[in-house]
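Student: Residue numbers (our numbering), protein chains in the order written: chain A, 1 to 545; chain B, 1 to 619; chain C, 1 to 124.
Be careful, since some hints might not be right.
Said to hold, decoys possible - Chain C side only, calculated, beta carbon under 10 Å to chain A, not exhaustive:
# : residue
1 : VAL5
2 : LEU8
3 : VAL94
Stated by the list, open to error - Taking CB as the label site, the calculated pair distances span:
#  : chain 1 : residue 1 : chain 2 : residue 2 : range
4  : B       : THR67     : C       : VAL35     : 55 to 61 Å
5  : B       : SER64     : C       : VAL89     : 30 to 36 Å
6  : A       : PRO435    : C       : ILE23     : 36 to 42 Å
7  : A       : VAL63     : C       : LEU99     : 21 to 27 Å
8  : A       : THR243    : C       : LEU99     : 20 to 26 Å
9  : A       : PRO537    : B       : SER64     : 22 to 28 Å
10 : A       : PRO35     : C       : GLY60     : 32 to 38 Å
11 : A       : GLY111    : B       : THR67     : 41 to 47 Å
12 : C       : ALA96     : A       : PRO435    : 42 to 48 Å
I should point out that these hints are in silico values taken from the structure, not numbers from a laboratory. Idealized CB from N, CA, C, for every residue including glycine.
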Amino acid sequence: MTDPTVAPVLLIALPIVAAAVVLLAGLRWPRSGWPISLVALVLEGGLAAWLASAVFGDSGRLVHELGAYGRPGENEFAVGIELVADALSATMVGLIALIALSVLAVTRRAGPRGVPFYAAYLMLIGGLMGVSLTGDVFNLFVFLEITGIATYTLVASNRSAPAAVAALKYLIVGTTGASLYLLGVGYLLMATGTLNMADLAATLAGEPSFVDGPMYTDPLVLASFAFIATGLFVKAAIFPLHTWQPGAYDEAPDGVTVAISALVSTIGAYAFLRISLSVFTPAFFEATPIVATVIVTVASVSVVAGSALAVMQSRIKRTFAYSSVSQFGLVVLATGIAVHPDAGASAAEAALIGAVIHLVGHAVVKGGLFTAAMGLALDSDARTIDDLAGLGRQSPVLSAAMALLGLTLVGVPPAVGFLGKWYIVIGAMNADLWPVAVVILLSTVLTLAYVARLFEQLYFTPAPSGDEAGAEAPADTSDDHAMAADGGNSADDGTEEHLSDPTPGAPFGVVAVAVGAAILAILLGFAGAEFADALEPFVTEVLGQ
Amino acid sequence: MSTVESLRPLLAVAISTVAIPLIVASYRRPNVRDSISVLTALGKFAIVASMLPAVLNGDEFRWSLGTYAPGVEFALRADPLGMLFALLSSLLWVFTAFYAIGYMRGLDEHSQTRFFAAFAGSLAAAVGIAFAENLLTIFVFYELLSVATYPLVAHDETDEARAAGRKYLLYTFFGGGVLVLGGTALVYVLAGTTTFGATAQGLSTADPTLAKAAFAMLAAGFGIKAGLMPAHSWLPDAMVAPTPVSGLLHAVAVVKAGAFGVARVILDVYGPDVVSDLGVGLPLAAVAAFTLLAASVIALRQDHLKRRLAYSTISQLSYIVLGLSLLGPTAITGGLLHIPAHAFMKLTLFFCAGIIHVETHTDYIPEMDGIGKRMPLTMTAFSIAAAGMAGIPLVAGFVSKWFLLVGAVQVNEAIFAVALLVSGVLNIAYFWPIVYGAFFESPDGADEKPLISGPLGGREGPRNIQLLKPAGSHGSHGESSGMGGALAGSSDGRDDPAPLEDGEYAVDRHPSDHAGDSATENDPAVAAESDDSVDVGDDSAGHDEETIADDHDDHADHAHHGGPGPDGWERRRWTGEESTWLMLGPILAVATGALVLGIVPYEAQFLELVEVIVEGVSA
Amino acid sequence: MTPLVDVLTSRYAYVLFALLLGIGLYMIVSSQNLVKKVIGLNLFQTALFLFFIASAYLAGGQAPIVHHGGKEATYVSPLPQVIVLTAIVVGIAVTAVALALLVRIYAEYGTLEEDVLREVRSDD
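Next up, chain A with everything else stripped away, as it sits in the complex:
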């Protein structure tokens, strides 16, 4: 078992098997879901760490051929499905493993719980791992659908009817998106005859002897990219294909929202990044310049529209949901810059690193924000932004976490949100994409527009009167009272202070995860350079022909 190439298989198989075990054991011991999930996900974390250390260590890119069918000949297509772990997949695997454990902590006491939840949840993790690790475009579809089905059930897992409506809407839109992706895969298969990503890339480039040369301008290939991109944009909730997302995020149980906001759209954006880079490769975009322009334009619109819609929301979860539309727009935008024909080597590299950093950073930040929102909802039943009034005093720790994460989202340095943006904007400027650079810069202010409302409510709006904890009007507080009620500060640095015990509402797991996400978001901001170095071989490989 010392060969790390088995890690990808185990990473995918373990949660899926565990899901079955949970289901079966649940028949006999209904409370066994939690311990089994915990064991499975801790093991998963270990495997992820093993894989990451191998990939970022000496082994570099790992390939595992399922069933060991191999290739009939040196230059022939792979027969079986390949699992591929490179720096990008290893990053995603680590992220998924980490967030998977966090969500387990979040839902431990706050729910949802129960056998069906844990089974679906483990399926979700298995699907996500599969998407991250597969080297086969059809296999990617299958794992996308596993992820999707698990998500639909999870959204509806609190058995509330509005959640069922939201889940059904998500199901219809999501499955349509996945089907469009499948259609694109079909076109690719027709054009090339293979489904293996590496083989596809080689065939599209015209390497095998039986093709006449690069096929990039083949209408079949172009149509294929259009379908695949559209399908994945649905999964990543890019405007205007985002319609399923706010409802699903809003109506899903809070704990589930944390998981899907941090992982499910993320995996859609990852898939887009992966297909663009590893299947179509920058050469495709070079040959068809209009494609990159379209991507960049759509993504820019998504950045702006998502923020604008977020500002108009009154519910906290919907605000964050639309914010995701905007942020994934940024990731896709960075991808578009990375493959843009106008982008030189340095621009492409910066944009690609920016895309990965922003993808990871956003997952941490958004997961943390939804966790904090969940905690505040448990503490004070705060569901709308107006409900947040005065909570800076009542739930100081959660409010501080939310404020810090909000600032990270805006892109206040030195946290991770800024770092991604920096790379992306450098990429855009290096590629002479000035309007895009302007959009990225303006996105700061756009994000601020909805994050600032949170601050204002949390810290600078007195709680509505009648609410005993924060009822004092600022003007007539006695000094002592002011001191006692005093607390919470939205200061900017990495220090997290524990002012007082959180009110019994939010369980420890929720608070810990929210605070942990805030700290992680700031630490990641300083780890950017090392991370960029670690990504370097991958970046040069996918970009540097």
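Since chain A is already given, all that's left is putting chains B and C on it; use the hints.
Tutor: Structure of chains B and C alone, referenced to chain A:
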């Protein structure tokens, strides 16, 4: 000249960061908390000051966390220019720390812990800006400064404060997150680095249009915080913050961070030569000159003391930007020297405004007539600082303005020298009435202040001046009560209080706006009488009252109850009876500082530092 | 032969695919009934299956089942067959989840019409 790897720049930043959790943790014990605040301020100043001798000798202290982004280190470096700003901020924080305690306790403010914690955070960010070694690091602290000061601006938790906070965030994030970040990224793209002093080469050979665009973005981005017009309007609104904030942050640390950023851009990112080659100095100088004149003119009509000071700040900050953008060594010296000079003077002025607010709840200039009797020391300090603002010799403002004037003439831009002189006159025009009113007028014996009480654009003919005294007074002082008594005596049996209803409208809802029927409150009968007996003047008086009342409706939301008491200002002695020494001490210390800077600028170290900087730039 | 007739006679599977795809998409978008939306989704997926199978077609090809010691022969491409098998499974799973959700929605609101549903929910 050598660079020493040292933790000291980091310590200078970190000490107040570390203080934040301590301050928050001790929220139940205000004395401990406030001691921490003061000790941190002292410690910060000590650390910064300990680097001063070596920096004056040409050494630099440097600390680096390592690579932050490719080609950019997260590094702090204590160079002369950084020392200037860091020394100033940390020194003045010491005084402000004491003053803030007195102020916050004097007013029984809420959320004091948040206030002090955010204050410490702001100072950490300000010193970080001072010591940042490259544009990206400065941007990091610049954004943190915006975040840390937001809680201070929105401190009041009123609609007005929240609106000011929103505006503040919008302006500063547009300036920082959009313009400065954009400019920084562009400089990085053009020059391949953002380290100060290393970018000029790359920028001079880059595409001039892009280099100009980067300069415009950086100058505008920092200029927003420095209150350059037309992006200045957040500053007067931010005056809803507690006065120590207005004083240290919105006259020293925050706005000067903007001016300091402009200095970094001109001196260290581009260098005067490249700026001059690109031809971008003159437009910036023109904007600065316009700002310093326009803001002075606007200040004339502000009747809220802090708002008037805010416009004065906007005007004075443009002196700095103007000096820098003229690019001559003398002008740069003047501009840089104006950073500490203005800081000392404006901090004194704000401290005075704050202490007046704490002691008498007076915010509006028309209510301050005769206040010199009540607060003699305060108003003396105020007068000294105001004189300095106008550039009167022996106060700090004179020295820097002298350099600016000479510098403007040196680079053959005499028009800017004229602008400076005109602005000096305007300074006198808006500060002198306050000083004059405080010492030479009394609440009931004040002259008309047509600039602030009259309608915009003036009005024909001086009608009913004696009824238009803007200073509020409804006390029964000697003369009028005597008259009232006489009137009451002459109208037996007519003491029906009913007519009071007629006379009640604007006058009684805004008693401080009206000084005419001064006895009404104590004796309704008199009101009735005087209503009848001064029939002739009544119509026009009523009309005027309404005008004034409308004018003052704007700030009715303050619910202020300032102005002199019913007996006018009581007399307090010059021995500090007027307030607590917690506030008076800092005021006098800072005012003394302004004088020291004006009389012996070299001994005060700041001029020496400035000369080291200018030498470094010219070399 | 005109090109249109040519397409209709020789590529009728693809024409059917395009029709089914269009009809399915139209149902998803325009139908107010949630069950019909799900049916539309199924139709949409079926169109895809047809597309894959049609693409694998080879004139005179056998089913790609190679018996022990199989002989040289013409087979249709096996890959799309496998894909369709898998996709059918996925489609069934999705439909099952969709139906479960529909049951839940109907139990709560007593309707599956989207506009009625919107009204009912706005009353809550």
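Student: Starting from the range 36 to 42 Å, see whether the pair PRO435(A) and ILE23(C) falls in it by beta-carbon distance.
Tutor: holds (40 Å)
Student: Should the interface hint for VAL5(C) be scored as holding, given a Cβ-Cβ cut-off of 10 Å against chain A?
Tutor: violated (22 Å)
Student: Do the Cβ positions of SER64(B) and VAL89(C) conform to the proposed distance bound of 30 to 36 Å?
Tutor: This hint is violated: roughly 57 Å between Cβ atoms.
Student: Take a look at whether the Cβ-Cβ distance between GLY111(A) and THR67(B) falls inside 41 to 47 Å.
Tutor: holds (44 Å)
Student: So the hint says 55 to 61 Å: do the beta-carbon atoms of THR67(B) and VAL35(C) match that?
Tutor: Hint holds: Cβ distance 58 Å, inside 55 to 61 Å.
Student: Please test the hint of 22 to 28 Å on the beta carbon pair from PRO537(A) and SER64(B).
Tutor: The hint (22 to 28 Å, Cβ to Cβ) holds, given that PRO537(A) and SER64(B) are roughly 26 Å apart.
Student: Any CB of chain A closer than 10 Å to the CB of VAL94(C)?
Tutor: holds (5 Å)
Student: 42 to 48 Å was suggested as the range; check whether the CB atoms of ALA96(C) and PRO435(A) agree with it.
Tutor: holds (47 Å)
Student: Can LEU8(C) be said to touch chain A, with a Cβ gap under 10 Å?
Tutor: violated (20 Å)
Student: Is 21 to 27 Å a correct range for the gap between the Cβ atoms of VAL63(A) and LEU99(C)?
Tutor: violated (40 Å)
Student: Does the hinted range 32 to 38 Å hold for PRO35(A) and GLY60(C) at CB?
Tutor: Hint violated: Cβ distance 58 Å, outside 32 to 38 Å.
Student: Does the Cβ distance between THR243(A) and LEU99(C) fall inside 20 to 26 Å?
Tutor: holds (22 Å)
Violation of the numbered hints given earlier is confined to hints 1, 2, 5, 7 and 10; the remaining hints are satisfied by the structure.
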